[in-house]
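J.: Spelled out from the first residue to the last, the chains are:
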Amino acid sequence: MEELQKLKRKELIRIAKIYGIKNRNKMKKNELIRAIKKARKPIEELRKTEEKLKRELSKKTEETHLIVLPKEPGYVYVNWEVKGKEEKVGTLIVFEDDKEKFSIPVNLDYGRSYIHVEEDKKVKVELGVEKNGKFETLLESNEVIVPTTKKTEGRKEFRDIKTFKMRKEGIISEEEIKKVVEGEEKTAKEIKYSRE
Amino acid sequence: MKGYLAIVLHSHLPFVKHPEEEFFIEENWLFEAILESYLPLLYNFYRLKKEDIPFKITMSLTPPLSNMLLDALLMDRFKRYVNSRIELTKELIKEGGSAKENLIFYRARFETLFNFFENELKGNVINGFKKLEQDGDLEVITCSATHEILPLEVHRKIQEVQVQLGIENYRQIFGKDPKGIWLGECAYAPPISQILSKYGIKYTILDAHGLFNAKPAPLYGIHAPIVSEDGVAFFGRDPEASKQVWSAKEGYPGDFNYREFYKDIVYELDSEKIKTYIHPAGFKFDSGIKIHRITGHVGLDKKELYNRNKAEEMVEIHAGNYMFNRERQIEYLSHIMDRKPIVVAPFDTELFGHWWFEGPDFLYKLFKKIHKDSSVVKTITLSQYLEEYPVLQVSSPAISSWGDGGYFKVWLNDSTDWIYPHLYTIGKKMLGIVNKIKNPNEIQKRALNMLGRELLLAESSDWAFLITVGTAVSYAKERQTFHINAFNKIYNEILNNNIDETFLDYLEQRDSIFPFLNYNIFTEER
Numbered sequence: 001m002e003e004l005q006k007l008k009r010k011e012l013i014r015i016a017k018i019y020g021i022k023n024r025n026k027m028k029k030n031e032l033i034r035a036i037k038k039a040r041k042p043i044e045e046l047r048k049t050e051e052k053l054k055r056e057l058s059k060k061t062e063e064t065h066l067i068v069l070p071k072e073p074g075y076v077y078v079n080w081e082v083k084g085k086e087e088k089v090g091t092l093i094v095f096e097d098d099k100e101k102f103s104i105p106v107n108l109d110y111g112r113s114y115i116h117v118e119e120d121k122k123v124k125v126e127l128g129v130e131k132n133g134k135f136e137t138l139l140e141s142n143e144v145i146v147p148t149t150k151k152t153e154g155r156k157e158f159r160d161i162k163t164f165k166m167r168k169e170g171i172i173s174e175e176e177i178k179k180v181v182e183g184e185e186k187t188a189k190e191i192k193y194s195r196e
Numbered sequence: 001m002k003g004y005l006a007i008v009l010h011s012h013l014p015f016v017k018h019p020e021e022e023f024f025i026e027e028n029w030l031f032e033a034i035l036e037s038y039l040p041l042l043y044n045f046y047r048l049k050k051e052d053i054p055f056k057i058t059m060s061l062t063p064p065l066s067n068m069l070l071d072a073l074l075m076d077r078f079k080r081y082v083n084s085r086i087e088l089t090k091e092l093i094k095e096g097g098s099a100k101e102n103l104i105f106y107r108a109r110f111e112t113l114f115n116f117f118e119n120e121l122k123g124n125v126i127n128g129f130k131k132l133e134q135d136g137d138l139e140v141i142t143c144s145a146t147h148e149i150l151p152l153e154v155h156r157k158i159q160e161v162q163v164q165l166g167i168e169n170y171r172q173i174f175g176k177d178p179k180g181i182w183l184g185e186c187a188y189a190p191p192i193s194q195i196l197s198k199y200g201i202k203y204t205i206l207d208a209h210g211l212f213n214a215k216p217a218p219l220y221g222i223h224a225p226i227v228s229e230d231g232v233a234f235f236g237r238d239p240e241a242s243k244q245v246w247s248a249k250e251g252y253p254g255d256f257n258y259r260e261f262y263k264d265i266v267y268e269l270d271s272e273k274i275k276t277y278i279h280p281a282g283f284k285f286d287s288g289i290k291i292h293r294i295t296g297h298v299g300l301d302k303k304e305l306y307n308r309n310k311a312e313e314m315v316e317i318h319a320g321n322y323m324f325n326r327e328r329q330i331e332y333l334s335h336i337m338d339r340k341p342i343v344v345a346p347f348d349t350e351l352f353g354h355w356w357f358e359g360p361d362f363l364y365k366l367f368k369k370i371h372k373d374s375s376v377v378k379t380i381t382l383s384q385y386l387e388e389y390p391v392l393q394v395s396s397p398a399i400s401s402w403g404d405g406g407y408f409k410v411w412l413n414d415s416t417d418w419i420y421p422h423l424y425t426i427g428k429k430m431l432g433i434v435n436k437i438k439n440p441n442e443i444q445k446r447a448l449n450m451l452g453r454e455l456l457l458a459e460s461s462d463w464a465f466l467i468t469v470g471t472a473v474s475y476a477k478e479r480q481t482f483h484i485n486a487f488n489k490i491y492n493e494i495l496n497n498n499i500d501e502t503f504l505d506y507l508e509q510r511d512s513i514f515p516f517l518n519y520n521i522f523t524e525e526r
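Protein sequences appear in the order of chains A and B. 1 is the number of the first residue of the first sequence in the UniProt record's numbering; add one for each residue after it. 1 is the number of the first residue of the second sequence in the UniProt record's numbering; add one for each residue after it.
Everything labelled a hint here was simulated from the structure, so no lab data went into it. Hints are supplied without guarantee of correctness; some may be wrong.
Derived coverage of chain A by chain B (criterion: at least 3 residues anywhere in the stretch with Cβ under 8 angstroms from a Cβ of chain B; other residues may be distant) [said to hold, decoys possible]:
1) 77-90
2) 99-109
3) 151-160
What follows is a set of in silico ranges between Cβ atoms, one per label pair, in the way DEER data are often shown [claimed, not checked]:
4) B:Tyr332 / A:Glu63: 24 to 34 angstroms
5) A:Glu100 / B:Ile25: 17 to 27 angstroms
6) A:Arg9 / B:Thr502: 20 to 30 angstroms
7) B:His18 / A:Lys134: 50 to 60 angstroms
8) B:Glu91 / A:Arg9: 28 to 38 angstroms
9) B:Lys79 / A:Glu31: 24 to 34 angstroms
10) B:Asn307 / A:Lys165: 14 to 24 angstroms
11) A:Gly20 / B:Lys79: 41 to 51 angstroms
12) A:Lys134 / B:Arg171: 23 to 33 angstroms
13) B:Glu442 / A:Lys10: 31 to 41 angstroms
14) A:Ser58 / B:Lys79: 17 to 27 angstroms
15) B:Thr502 / A:Lys150: 54 to 64 angstroms
16) B:Gly320 / A:Arg55: 45 to 55 angstroms
Ideal Cβ placement from N, Cα and C applies to all residues, glycine included.
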């Protein structure tokens, strides 16, 4: 409260306004300080709550889940939690374009991993346990497409965005354009993202 | 005229508002951006209009930023911020000394900009955007609700809500639908194109490799937009046009005559003497009064005084050089393409003025030079280009972002990956609870709306970004943690029918983004 004493009456009136203190413009400096202190009490309680809410968070969500996120070419992030199962060990099966590619033994209850996968594939994972020699799927993840740096050639089609009709268009010099693009790709790779 | 230059400025800051504290250092991010970037830019754009110089520019205005610019408490505090700087320069000028000339320059600058803010913009920065938008000089586009990295959002419905709210926020301000959208950090992955199309967005901007690696690779590279199967146009960032301004090494902002960002006068003054201008607890923070020039590769103690005339000479030279390079680029491209090429140069707005002090003057000079001296290049907004060239190559844009590395590692790495399971979980809870609570009473409705705001604020990409780059790390972690916890607290209270109304009141004051938000937006279509 020491800080309030340092403020000018005009500034105290502004603070009083924030707290919705009535008749603030008629109050003397000491009256303003008293009124602000009184109005601040519930705020102090709230700040204790806030203090707790902004500091304590477990890495676990305490909710069963299995998610996959794309990170960069060739890598996805997988995070899971399983509640209410006795088994300690589970198996994570990785699918690329709906085909089972490989599996990894994991802690069943909680885990996170960056997994190397093939670029440009649709990836999803399943988490399950071996039971009586059979695999039992407990969770299926969402599906993501893995980022790629590959180039894809294909049919050049043009469309009018106003009429939605396909149109014939052409370039004058495809070879020249290719050279420009190659140069620009090189420059793009050199750019270091420099925002702070 | 042989081709177009499209300058695109992305204006964004995270939502930071702390009514519970009289002075809150992180609120200065907004005040610095207004005083050092938004006002000087708008001021220069108004100057161009008065001088009858035509110019075209595309600017995003993100919902967190626009909500702050329209917040009465924050704008009240902004006025206090500017006035204290004007007072400080006056005090320092009285003392004289070798820096007097630079201090007089700063005082005049602050007063001019504040006068512009109060009188021309009527105390509302957004009025400047509106006026220029109405006059057709500026095309304002929207952004996803809280600048979320949409490819890292698992729930398709929440990706949609981010886009829908970005559009709704724009409508509330401009009274019409936006044509374009800036995706938070230009982060793209399917099915975003479908979502943009569903909500009527005509175009967005990606980093160069979003087009270079599109399927199929576009004929024109980044010098014409492509269109997805869903009918959304995608423009690509031009690396050459960006590098000259972005690069700390080779870019213009590193010129030794330009103002030094890292040396602020406040750190050289006696705390006792300037106590009324610093945080009441005695912390010093940037005053924005920076009177030295970059000088060279020397320590802060060796920096020489800023020479405004010399800096202005360099601005003239750099604007000329930038135009010359674009002309050469466009001249060449125009001979090998069947249409006028476009060079898209997107930047963070805050680069101009806040980081690169002379940036707003650079743009002013550039537009002026292009108008007066160039027969090769003309400026254009992105939707104007689509009007002129509606026939585009059909191609699916590649997964990409404009962050370091070009993908998502800036926001998803060992120090930030703890965030995403929480976002997934609270997102799932949000989508569930809107169907679970039938006929809510008034307090429950308020709590459900607040739940939506806490979820959206938790989804801001800014917290992960700050953690990764090591800036304001504690604050970023606290904000990320707080929004997740606040969501869970209110969620449990709604389910247990024991809503803490005092806390709800408090959050409504503090996390007051999207006052129009209705929780029903999270209801999934069946």
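J.: State for each hint whether it applies.
T.: To see whether the hints hold, each was checked on the structure:
Counting residues of the segment 77-90 of chain A whose CB lies closer than 8 angstroms to any CB of chain B gives 3, which reaches the minimum of 3, so the coverage claim holds. With 0 residues having a Cβ less than 8 angstroms from any Cβ of chain B, the segment 99-109 of chain A misses the three-residue criterion, and the hint is violated. Against chain B, the segment 151-160 of chain A contributes 10 residues with a C-beta closer than 8 angstroms to a partner C-beta. That satisfies the three-residue criterion, and the hint holds. Checking the proposed 24 to 34 angstroms range against Tyr332 of chain B and Glu63 of chain A shows it is violated: the Cβ atoms sit about 56 angstroms from each other.
For Glu100 of chain A and Ile25 of chain B, the hinted distance range of 17 to 27 angstroms is not satisfied, since their beta carbons lie about 52 angstroms from each other. Separated by about 29 angstroms at the C-beta atoms, Arg9 of chain A and Thr502 of chain B satisfy the suggested range of 20 to 30 angstroms. A C-beta distance of roughly 56 angstroms is found between His18 of chain B and Lys134 of chain A, which places it inside the suggested range of 50 to 60 angstroms. A hinted range of 28 to 38 angstroms is violated for the C-beta pair Glu91 of chain B and Arg9 of chain A, which are about 21 angstroms apart.
For Lys79 of chain B and Glu31 of chain A, the hinted distance range of 24 to 34 angstroms is satisfied, since their beta carbons lie about 25 angstroms from each other. In this structure the hint that Asn307 of chain B and Lys165 of chain A lie 14 to 24 angstroms apart at CB is violated, the actual value being about 59 angstroms. Restraint check, Gly20 of chain A to Lys79 of chain B: a C-beta distance of roughly 20 angstroms breaks the suggested window 41 to 51 angstroms. The beta-carbon spacing between Lys134 of chain A and Arg171 of chain B, approximately 55 angstroms, falls outside the hinted interval of 23 to 33 angstroms.
Taking 31 to 41 angstroms as the suggested C-beta distance range, the pair Glu442 of chain B and Lys10 of chain A conforms, at roughly 37 angstroms. Between Ser58 of chain A and Lys79 of chain B the C-beta distance comes to about 42 angstroms, which lies outside the given range of 17 to 27 angstroms. A beta carbon spacing of about 56 angstroms between Thr502 of chain B and Lys150 of chain A agrees with the range 54 to 64 angstroms that was offered as a hint. The hinted window of 45 to 55 angstroms between Gly320 of chain B and Arg55 of chain A holds, with their beta carbons roughly 53 angstroms apart.
When held up to the earlier numbered hints, the structure conflicts with 2, 4, 5, 8, 10, 11, 12, 14 and fits the remainder.
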